[in-house]
Structures are given as C-alpha cells and as structure tokens.
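Chemist: Sequence:
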Amino acid sequence: MHVPTPSDYIPFDAITDHNLRTTRLGIYIYLALAAVILYDHAITFDIEVQRIWSLNWRLPKILFLMNRYVVPLLIVMRGIADATYPLLFSVSSYPLRTLYISLTMVVSPVVRFPRYNPITSGLIILSCDFLMHFEDWIVILALGIADLILVIRVSALYGHSKIMRHFLVFFFACQMVTVIVITSILTKQTTPILLYQFVPGCYATVPDYFYSFYIPFLIFDGPLNRVCQRAQNSDILRKVSS
1 MHVPTPSDYI PFDAITDHNL RTTRLGIYIY LALAAVILYD HAITFDIEVQ
51 RIWSLNWRLP KILFLMNRYV VPLLIVMRGI ADATYPLLFS VSSYPLRTLY
101 ISLTMVVSPV VRFPRYNPIT SGLIILSCDF LMHFEDWIVI LALGIADLIL
151 VIRVSALYGH SKIMRHFLVF FFACQMVTVI VITSILTKQT TPILLYQFVP
201 GCYATVPDYF YSFYIPFLIF DGPLNRVCQR AQNSDILRKV SS
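Going letter by letter, the sequence shown gives residues 1 to 242 in UniProt numbering.
In case anyone wonders, no lab produced these hints; they're calculated from the structure.
FRET-style restraints, in silico, Cβ to Cβ:
(1) Ile138 <-> Glu48: 16 to 24 Å
(2) Asn225 <-> Trp57: 25 to 33 Å
(3) Ile47 <-> Thr191: 43 to 51 Å
(4) Pro60 <-> Asp208: 34 to 42 Å
(5) Ile149 <-> Val36: 16 to 24 Å
(6) Thr22 <-> Ile52: 38 to 46 Å
(7) Leu31 <-> Ala231: 33 to 41 Å
(8) Ile29 <-> Tyr211: 17 to 25 Å
(9) Arg21 <-> Gly159: 52 to 60 Å
(10) Thr187 <-> Asp46: 35 to 43 Å
The beta carbon of each residue, even a glycine, is placed where N, CA and C say it ideally should be.
Kindly produce the complete structure, drawing on both the sequences and the hints.
Modeler: Okay, here's the thing in structure tokens:
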C-alpha cells in the first residue's frame, strides 16, 4: 500500500478557490436532498401506514420498504461520511479552520487538526477506497430495487402473463449482470487520491467511460416506463369514456 505524504496533495493554484466552492456546493446539495427525502417521508407517512403496513409480507412490500428506508439511509450515511470525513490535517491556522467548519457544516468553537501521521494517512486512503466502492453498490442496490418494482408493476398491467413475466425477469437479469460486470471493471480502475490538504471528503480518479455504468439502466427503464405510462393513459381514457 502506498503511504501518502503531504507532498502527495494537489498544490494550491488558480483553480483552488473554484474547487473549494464546488466542494461546498456539493455538500449543500447532498444535505438538501437528504432534507427532501425526510420531508417526503414525513408528509406521506400516514398514507404509507394505511396502504402498505396492512399488506401481507410479500415481495412487493419488502421491496417498497427497502426502497423507502434502507436505501435512503445508506445514501444519506454515505453523503455524511463523504462530507465530514477528514483527510490529513497539518494546518491549524484560523482562516483554514474556519473554512473547514464551513465546508463540513460543523459549528464548534474548538477544532483541532492532528499532525501528519503516515499510518493515519494510509488508513484514510483505505477508508476512502472502501467508501467509493461502497457507494457504487449502493447505487446498484437502489436502482435494482426500483427496477424490480417496475417489473412487478408491468407484469401486473399484463395480467401476470407468464410469457411477459419471464421476459421481464430475463430482461432484468441481463441488465443487472451487465451492470455488475461494468461496475467491477470500473472499480478496478478507480483510484482514491488526495485533494487539498485540509479539504474533507474522498476523491478519486475515474475512467473516461464511467458514464457507461448508467447505460443498462436507461435501456431497461426507458421502455418499461413507457409501457406503464401508456397503460395508465389507457386506463384513464376508459374511465372517462365509461
């Protein structure tokens, strides 16, 4: 394992201010999305209790609750870890301490930065490597659950036809296998790096074709969402004309 030193950090340059502002903006956006999730849970909790909790424990209910609670919790935890996990700190000047407080949203009169420690730095790289790969599988879990719910929904629209159900399951399995293979390739080529010495969070270099991770989901979700939309429109037309 390569043990980073202070010289491994990116030096301050003309774009440092822009990068720091972007980092802080990203943290604000993540916290805002977490607040939206909590707000949505609060205003729909009564409907959930009435319509979901009374159902038998079958696959649709389990998937809904996982998508409702487990996945958002993992995403929020990942965001908090990325926004507050410190890298190596050897700077203790007041301006940088103030900037760190603003970046991590921590309001505290006393903030201490540990001296450079090669053992700590090595553990930080390992931790960031784990967090970044963990994030990939969180996304797979979240989108996989959402797509499986979509499979159940489309199957119900077609009267639980065996042919349609088998086709959807096969389509879903092909998508997930493709995503797992792509993710495995991407993670091997993703390397954690040290950004600026006092900036919290984990950063990495990723391949140029990182966007390919989302292509299988787009290919799968596009047609199925279109089918659901057409079925809903047809149902509305039937109700209006009846």
